[in-house]
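Construct the complete structure from the given sequences, taking the supplied hints into account.
What follows is each chain in one-letter form.
Number of protein chains: 2
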Amino acid sequence: MAARIDGDEGADGQNSPTLSFHLDSRLAATSRPLADLPLCQARLQSDARWPWIVLVPRRPGLTELDQLSAEDLSRLMAEVVAAGRAVRAMATAAGRPVDKLNVGALGNIVAQLHVHVVGRRTDDPAWPGPVWGQGEAEAHTPETRALLLTAARVALGFAA
Amino acid sequence: MAARIDGDEGADGQNSPTLSFHLDSRLAATSRPLADLPLCQARLQSDARWPWIVLVPRRPGLTELDQLSAEDLSRLMAEVVAAGRAVRAMATAAGRPVDKLNVGALGNIVAQLHVHVVGRRTDDPAWPGPVWGQGEAEAHTPETRALLLTAARVALGFAA
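Going down the list, the sequences are from chains A and B. Okay, so the first sequence: first residue is 13 according to this note's numbering, each after it adds one. Okay, so the second sequence: first residue is 13 according to this note's numbering, each after it adds one.
Treat the hints with care, since some could be wrong.
[As the list claims (entries may be wrong)] Estimated spans, in silico, between C-beta atoms of each pair:
{"id": "1", "chain 1": "A", "residue 1": "Arg-108", "chain 2": "B", "residue 2": "Ala-158", "range": "46 to 56 Å"}
{"id": "2", "chain 1": "A", "residue 1": "Thr-42", "chain 2": "B", "residue 2": "Glu-155", "range": "41 to 51 Å"}
{"id": "3", "chain 1": "B", "residue 1": "Glu-83", "chain 2": "A", "residue 2": "Ser-32", "range": "44 to 54 Å"}
Worth flagging that the hints you see were computed from the coordinates, not collected in a lab. For each residue, glycine too, the CB sits at the ideal point set by N, CA and C.
The following block contains the structure:
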């Protein structure tokens with residue numbers, strides 16, 4: 013399995029080989045494709061303030077966790093753990109190792125089921141509060157984005 | 013399996029039959045015992061603003077999800093889904109059905125691993141933002157607390 017070759021191009025995921033899965037346009041606009049995991053599309057959140065991966069299960073029409081099968085729920089949990097490892101790797105690559113992982117499935121603004129995995133530091137701008145709804149996202153430089161994507165893909169077991 | 017018989021008494025969980033599990037004193041102070049699930053102690057968050065269950069895996073020394081075995085991760089996910097069902101039941105019993113479930117594992121303030129399962133409404137005081145760090149908790153009346161505990165225990169398959 014290879015990471016998406018269009019990973020840096022801001023593709024919106026509409027060309028996923030999984031039938032009937034459509035990525036919400038707001039998720040597409042605020043994150044970049046990182047890798048396709050067995051269940052989820054993993055995406056890099058476009059916010060330089062935190063190392064942050066969004067997992068979007070590639071199943072049509074999901075809004076709540078209880079719509080997933082037991083098997084998919086176990087897959088999702090495994091992918092949350094893998095994304096946490098990738099978030100730690102991104103943070104270390106950027107020279108700002110993570111003190112804590114935050115995991116959240118909210119969906120109050122974007123209904124499509126998605127799970128945030130966010131690396132936190134005790135000196136980050138929202139600590140100890142949650143990151144959601146805090147201020148404005150800060151864009152990555154292309155160089156930083158490439159560094160983060162590479163670190164995350166290696167941590168996820170993909171060729172960078 | 014029966015729900016904890018000391019459920020309404022504000023016990024701090026230190027008497028759990030699981031060896032070496034100790035509930036953090038801040039979790040004990042901000043929530044009440046609801047039921048022991050296969051992995052987690054389910055607790056009612058002492059905040060009348062939202063129907064809210066906290067799940068605390070009964071394993072010693074946990075701070076991050078990746079410290080759980082794959083089997084326990086699957087159990088936790090199943091218990092998150094069950095807690096969501098119980099949150100919906102509490103909200104319906106209180107006459108304020110839920111529009112959305114929010115699930116979060118943060119741990120920035122209380123390090124002991126715990127997962128929040130919170131019922132949200134589009135007219136609630138923090139919508140669409142997260143509930144964590146928002147204002148001050150409002151105490152339940154004893155009558156409301158009893159109603160919510162009963163509804164949640166029935167939804168979890170326990171005798172109320």
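Go ahead and decide if the range 44 to 54 Å is satisfied by the Cβ distance of Glu-83 of chain B to Ser-32 of chain A. violated (32 Å)
Taking 41 to 51 Å as the stated bounds, is the beta-carbon spacing between Thr-42 of chain A and Glu-155 of chain B within them? Holds - the Cβ-Cβ distance for Thr-42 of chain A and Glu-155 of chain B, about 44 Å, lies within 41 to 51 Å.
When you take the CB atoms of Arg-108 of chain A and Ala-158 of chain B, is the distance between them in 46 to 56 Å? Holds: the Cβ-Cβ distance is about 48 Å, inside 46 to 56 Å.
Violated hint: 3 only; the structure is consistent with all others.
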